[in-house]
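Chemist: Chains as they are written, first to last, in this note's numbering: chain A, 1 to 493; chain B, 1001 to 1112; chain C, 2001 to 2780.
It should be emphasised that the hints constitute simulated quantities derived from the structure, not laboratory data.
Ideal placement from N, C-alpha and C gives every residue a C-beta, glycine not left out.
Keep in mind that the hints are not guaranteed to be accurate.
In silico DMTMM-like cross-links for lysine to aspartate or glutamate, where the CA-CA straight-line distance does not exceed 25 Å [claimed, not checked]:
| hint | chain 1 | residue 1 | chain 2 | residue 2 |
| --- | --- | --- | --- | --- |
| 1 | B | Lys1105 | A | Asp355 |
| 2 | A | Lys446 | A | Asp355 |
| 3 | C | Lys2155 | C | Glu2319 |
| 4 | A | Lys153 | B | Glu1059 |
| 5 | A | Lys492 | A | Asp478 |
| 6 | A | Lys358 | C | Asp2354 |
| 7 | C | Lys2058 | C | Asp2268 |
| 8 | A | Lys60 | C | Asp2723 |
| 9 | C | Lys2058 | A | Glu198 |
| 10 | B | Lys1023 | C | Glu2686 |
| 11 | C | Lys2628 | C | Asp2682 |
| 12 | C | Lys2536 | C | Glu2686 |
| 13 | A | Lys98 | A | Asp63 |
| 14 | A | Lys358 | C | Asp2294 |
| 15 | A | Lys446 | A | Glu433 |
| 16 | C | Lys2561 | A | Asp478 |
| 17 | C | Lys2530 | C | Asp2682 |
| 18 | A | Lys358 | A | Glu442 |
| 19 | B | Lys1105 | C | Glu2686 |
| 20 | C | Lys2443 | C | Asp2294 |
| 21 | C | Lys2716 | C | Asp2602 |
| 22 | C | Lys2770 | A | Glu105 |
| 23 | C | Lys2727 | A | Asp478 |
| 24 | A | Lys364 | C | Glu2104 |
| 25 | C | Lys2770 | A | Asp478 |
| 26 | C | Lys2155 | A | Asp355 |
| 27 | C | Lys2102 | A | Glu433 |
| 28 | C | Lys2716 | A | Glu442 |
To be clear about the criterion: a stretch of chain C counts as covered by chain B if any three or more of its residues have a C-beta under 8 Å from a C-beta of chain B, and this derived list gives those stretches [to be verified]:
| hint | stretch |
| --- | --- |
| 29 | 2236 to 2244 |
| 30 | 2691 to 2705 |
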Amino acid sequence: MSNLAILPILLPLLTGIILVFLNKRLPLVRLITRIMVLVNLAVVSIIAFNVIQNGTIVLKAGDWTVPYGIVLVADPLAMLLVVTANIISVACAFYAFKSLDEQRERYYFYPLFQLLIAGVSGAFLTGDLFNLFVFFEVLLIASYGLIVLGGTKEQFRESFKYIIINLFSSMLFVTTVSFLYAVVGTVNMAQLAERVGEVQQDGVLTTIAILLLIVFATKGALFPLYFWLPKSYTVPPTVISALFGALLTKVGVYSILRVFSLIFVYNLSVTHQVLLIMAGFTLVFGVIGALSTNNVQLIIAYNIIPAVGYMILGIGVFSATALAGTVYYLLHDMIIKAALFFLVGAMVAYAGTSDLRKMGGIIKNQPLLGWLFFIGALALAGLPPFSGFIGKLLILRGAFEEGHYVLGVIGLVTSLLILLSVIRIFINGFWGEPKSEYVQNENSIKGKILPAAFLLVFTVFLGLGAEFIYPTVQTIADQMIDPANYIDSVMKE
Amino acid sequence: MEIIMSVLAGILFTAGVYMILQKQILKIIIGTALLSHGAHLFIITMGKLNRGKPPILSEGVTSYADPLPQALILTSIVISFGVTSFLLVLAYRTYQTNGTDNMEKLRGNDHE
Amino acid sequence: MLHAAVLLPFLAAFFIPLLYRGVKQVHLGWFVLLVPILLFGYFLTFIQGVMQGVHTLKTFEWIPSLGVNVTFYIDGLGLFFALLITGIGSLVVLYSIYYLSKAEKLGHFYVYLLLFMGAMLGVVLSDNLFVLYTFWELTSISSFLLIGYWYQREKSTSGALKSMMITVFGGLAMLGGFILMADITGTASIRGIIENGEMIVNSTLFPFILILVLLGAFTKSAQFPFHTWLPDAMEAPTPVSAFLHSATMVKAGIYLVARLSLIFAGTDLFFLIVSGFGLLTLCWGSYMAVTQTDLKAILAYSTISQLGMIMAMLGFGTELAILAAVFHILNHATFKGSLFMVAGIIDHETGTRDIRKLGGLFTFMPITATLAFFGTFSMAGFPLPFLNGFLSKEMFFDSSLHFENASTIVEAVSPFFPYFAVGGSIFTFVYSIMLFFRTFTGKQRETLPKQPHEAPIGMLISPIVLVLLVIIIAFIPDAFGHALLSPMVDAINGSVGETHIKFWHGFGPALYMSLAVLILGSALYLTREKWQHVYKALPGKLSAAKAYDSLINGLINGSRKLTNVYMTGSLRHYMIYIFVFFIALVGITMSVTGGFQINFDDLAPIAIPEVMIAIVMAGAAIATIFMKNRIAAILVLGIVGYGLSLLFVFFRAPDLALTQLIVETVTVALFLLCFYHLPNFDKKKESKSTNAVNWVISISVGVLVTMVGIASHSTKLFEPISDYFLKNSYKLGGGDNVVNVILVDFRGLDTMLEILVLGLAALGIYTMIKLRPGKKEGND
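Bound-form chain A, shown alone:
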């Protein structure tokens, strides 16, 4: 039974490895990818359902007693995120067939993609801090492979920056894990939580917490550590941008969420105060970035940042309401970011440029693309009844309830500016006089709309059908407030 918890990692891992060897036969690779992403989604959904119904599954890798071996903890939070990641994976797989040139497909896009998913799922599932580092490295190196895939000048230029910055944070990560090991003598997260709790996060532990925060904040693109993000996310092909935008930064956010709700919760006036301040700046500077450019892909890439700001705000506020908001926003944001990258990708392919000033009137011939983008834009800005609203409402409610009025107001204003930044794309790109040269690109968006529509269905569902998901999220948040829940479910094994 508990072995189920490894499947979300194992399936894409094996798929990826098999695909490496089948590489010469592209049609077969595509077919296997298609089948396996669907199978994987089905499997993780079943596991998630099971976990939500019957409680957390703890898998002791190699069956070693906790905390000596590595544990995988499939709790409801991790499983919800894994399912969402796999929804993205399905959409990306189908988008890739239609959008990538054969060269890139042939040069190991699919294996790298599947191994990235394995790394992301592992990062969500692992209950061991050092193992988290290892999964980070798996997903990062897969992302390095993807970001350079195609070998254009811009890709190399931006990847070098991306990798150096990540490398620094990785090195800081292992160093910090070793510091933590020196003080508390373990790397198992549940035991860390237990031991840190026993000494009330004494002495150097808060400083170590801040080091970890810097590590995760670099991956998660918080102010002032997100500089690498906008350009490096827009140089690779759309499908890769979508994968990155949807998944990579969210792993960073998830790690902050986990570590700062489970382990370091005894000196909130330092750690969570820092989170709040960073959240405020992330919101403001992120959305200012999104307003600063006419490049549609960059606008979407910049919009990753204020979304992270919202989620961190929820963690910083640290009440059950706000945490529920963060979790809900996390699910929403993964989906909407992938969808929007797809849609602007199709838009750029159709218009033949990513410069908004050179676009116009696309909706005349591509009404479906236009309306899907419109829905996406509203969802991104957190307008009801789409998914972004629920998360934002909860986070802001939490902020107001706990007396963080300034941040609440910043959150509201940011949401207006996010709307401005994306509705500009709609007005200048889709509305206006159509440009004649588009007709030749009529075929370029074939098959790109469906994956985006598939994702937007979930956005609408997360909004209108919130009642199906929200109670679970609420339970997750309620349990998160008390680390004992997680500790018990892992340590009793």
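Put chains B and C on the given structure of chain A with help from the hints.
Modeler: Then chains B and C, alone, in the frame of chain A:
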């Protein structure tokens, strides 16, 4: 001893950071290599140094060095090696396609 | 049933596109028309009950676990608005059938219109704050789409953006207020909150809440200085202007203030803000209307001014004022609706809306002119017994004079109100008269784009109905008063007394005010040429439109400038930001929490060989910085690596030493191989300041990491878990070499993944070398 080693690791970090702040790609990569040495030195220092025997079980020995940090370093060394090799090839290709190894010339502001 | 009623427009909106494809012969509007008519009939059935004080409440659980349920509530206030929306809606749809030809994108038009209708019904019927907010934003969105209906026109799209930005801004502020209200009272139900209104008013946050909520109401109802979106919204097709931008959507803010009056009214702050901004809007709007030349622009500013007047009366908060306010909502919908339709007819039949070009249309279109007469004169508040506008205007004057049980602030301020009321009304009189006379009388000044003729009968039906209502209401105001207005006053005020509305109030101040308006207004109209330079000078640069433009442009340009300053693309800059942040944050945290400790008790003895190696390594590390030759730099780096593996030997880690040795050798080889292809070190020296920055940053980082390292090592609070490995390695793992057992067994997953990382790196390297962008540039 641990304090001396911590200081040494700190010096490695210092040198690494200094190199990362340079312009030329190869200096930056040397910086990352120094950083990873520093990190590994920290890990081993965080176990207790010079106590007991190497953690290879043998009759009659009761005290061993802490094996866990060693295991972690091993994993980390291998990963760093992978990343460093990747980075070296990337550096070569970046230079080849962009025609410069000066990061200040690779800002890419053409691309608003 | 009630839910189905609100759902109906949405359902219809869903099916319209299908119908549009299928049925081409019949104008789509005929099918759409069924929806508001059915709903109007349905809502009529509630009148009886509401008159007797029976309120209907229906709940559909949407997100019960969040306390967000779609609860619809029908009382006098909600019902009145529901009837207004569906009633005017029916007339507008009918009108649009003749206004919009079949060549237009009718599918889109009616989808947006139905979405709006459903959303607006949702706003006025929702009992849940967050559901109300949802519908509220939906009205903003559908209004955005309708204004941008002719999306090729730049003016339409910029008008659409403006309306969306301003109304969504207000909506978000309102959401903030709602969140606080729900937080304080513990419920999201409006009825529940009203019951606990005391808690909100007594809260320290009350001014904050009030301002947030009023921002929502003021932006939506185009109150000064947020009114600027409404004139630009006139880019929408005229039926839309008649429906959304005069009769319904812009009244949503009025609705909200009315709905929450039971909580806020009676506080001085509410009184000052709402009456003050209302009167200001009344005056500014009517003044601006006089300076306009486009028929629709005049009507837009007129709407702004009238909304200000209604808002002011709600701010007065007396029973008389509230009755006057609700009465005027009804009257305004009738005369302004008919006037918009008339403006549409003129535009449609002459090809222009510019009053400088129009004139003498009475002879060509007598029916339209007659309709316009009733509309404009009612709007002017002209004292004729068959104009409903006069009745409510009179009540407005009356209410501006009477404040019972007033607090000191109210007493201090209220004596000025009648002057504002008269001032605003004078200009209202001027533009109303101007609208009528300059369009229909006199001589035609220019040849018009089209030869003018009377509109088709279908287009006239709706304005005729509205004008008939103007007259009927004027004759039997009490019938409407009892059926609609009294229950509404009850809902706003909590109680209702006398609601008798009469034409003749006797000789009193209100009548003198009306006469003053009549005389001064006529004088101002007759001498209008003399005032032109004033009209040109006054809004000038002060207009809110200019403020909005510079705000948005400033925002975009400012963002660009700011972002370009720090997003330089330079890796060095990015790393500097990161390191500086690291130094600041870690430094501060460590000093704040007293994290630094040093403990010499439990240290390994210092051994000479290790220290020697350490010194060599430190020297080598620093030497890399100063190496001028790349080969030398690599070799020095190698010394650090080999030194590290020697240290591993001393530190009882033979496996590590071995691995490090091998890895270091391969790495050095790789470095050499790779550097063979890269250029040599730059001989140019960096500037002193750059070097100084680098040194300060790198030394600070190094020192801080060292300090945290030492502190960590000095505070070993728990026994490490590794004893278990030593004890069980042989027994359970079957190996003597504990490190190996950990790697392959206890932490086997790490090892497996570490191999995966190597494989991935190899894959990445392979693609980097092999895949070169060929001729077919494959960027997506």
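Chemist: All hints are to be evaluated individually against the structure, with a verdict given for each.
Modeler: These are the hints, each one checked on the structure:
The straight-line distance between the Cα atoms of Lys1105 of chain B and Asp355 of chain A is roughly 23 Å, inside the 25 Å bound, and the hint therefore holds. Taken as a hint, the Lys446 of chain A and Asp355 of chain A pair is honoured in the structure, with Cα atoms around 21 Å apart against an allowance of 25 Å. Using a Cα cut-off of 25 Å, the hinted pair Lys2155 of chain C and Glu2319 of chain C is violated, with the two alpha carbons roughly 43 Å apart. Note on Lys153 of chain A and Glu1059 of chain B: the hinted pairing is violated, with a Cα-Cα distance of about 60 Å set against a maximum of 25 Å.
Only pairs whose Cα atoms come within 25 Å are accepted, and Lys492 of chain A paired with Asp478 of chain A is accepted, the gap being roughly 20 Å. Proposed proximity of Lys358 of chain A and Asp2354 of chain C is contradicted: the alpha carbons are some 34 Å apart, above 25 Å. The hinted pair formed by Lys2058 of chain C and Asp2268 of chain C fails the criterion: a straight-line CA distance of about 35 Å is larger than 25 Å. Our distance criterion of 25 Å between C-alpha atoms is met by Lys60 of chain A and Asp2723 of chain C, whose separation comes to about 19 Å.
Our distance criterion of 25 Å between C-alpha atoms is broken by Lys2058 of chain C and Glu198 of chain A, whose separation comes to about 52 Å. About 10 Å separates the Cα atoms of Lys1023 of chain B and Glu2686 of chain C, which keeps this hinted pair within 25 Å; it holds. Between Lys2628 of chain C and Asp2682 of chain C, the direct Cα distance comes to roughly 8 Å. Compliance with the 25 Å bound is thereby established for this hinted pair. For the proposed pair Lys2536 of chain C and Glu2686 of chain C, the alpha carbon gap of about 61 Å is over 25 Å, so the pair is violated.
At most 25 Å may separate the alpha-carbon atoms for a hinted pair to count; Lys98 of chain A and Asp63 of chain A exceed this at roughly 43 Å. Restraint check for Lys358 of chain A and Asp2294 of chain C: not satisfied, since their Cα atoms lie roughly 33 Å apart, outside the 25 Å limit. Simply put, Lys446 of chain A and Glu433 of chain A have alpha-carbon atoms about 23 Å apart, close enough for the 25 Å limit, and the pair holds. With a CA separation close to 43 Å, the supplied pair Lys2561 of chain C and Asp478 of chain A exceeds the 25 Å bound.
Of the supplied pair hints, the one linking Lys2530 of chain C and Asp2682 of chain C is violated, its CA atoms being roughly 77 Å apart against a limit of 25 Å. Between Lys358 of chain A and Glu442 of chain A the alpha-carbon distance is near 17 Å, which keeps this suggested pair within the 25 Å criterion. At most 25 Å may separate the alpha-carbon atoms for a hinted pair to count; Lys1105 of chain B and Glu2686 of chain C meet this at roughly 15 Å. As the CA atoms of Lys2443 of chain C and Asp2294 of chain C are separated by approximately 18 Å, the hinted pair is consistent with the 25 Å bound.
A hinted pair counts as satisfied when its Cα atoms are at most 25 Å apart, and Lys2716 of chain C with Asp2602 of chain C qualifies at roughly 10 Å. Only pairs whose Cα atoms come within 25 Å are accepted, and Lys2770 of chain C paired with Glu105 of chain A is accepted, the gap being roughly 13 Å. For the hint pairing Lys2727 of chain C with Asp478 of chain A, the CA-to-CA distance comes to about 39 Å; that exceeds 25 Å, so the pair is violated. Our distance criterion of 25 Å between C-alpha atoms is met by Lys364 of chain A and Glu2104 of chain C, whose separation comes to about 13 Å.
Note on Lys2770 of chain C and Asp478 of chain A: the hinted pairing is violated, with a Cα-Cα distance of about 51 Å set against a maximum of 25 Å. Taking the CA atoms of Lys2155 of chain C and Asp355 of chain A, the gap is near 22 Å; set against the 25 Å cutoff, the hint holds. The straight-line distance between the Cα atoms of Lys2102 of chain C and Glu433 of chain A is roughly 21 Å, inside the 25 Å bound, and the hint therefore holds. A threshold of 25 Å between alpha carbons decides the hint, and for Lys2716 of chain C with Glu442 of chain A the separation of about 66 Å lies outside it, so the pair is violated.
Counting residues of the stretch 2236 to 2244 of chain C whose CB lies closer than 8 Å to any CB of chain B gives 0, which falls below the minimum of 3, so the coverage claim is violated. Coverage of a stretch by a chain is defined here by at least three residues with a beta carbon nearer than 8 Å to that chain's beta carbons; for the stretch 2691 to 2705 of chain C and chain B the count is 10, and the condition holds.
Violated hints, in rising order: 3, 4, 6, 7, 9, 12, 13, 14, 16, 17, 23, 25, 28 and 29; the structure is consistent with all others.
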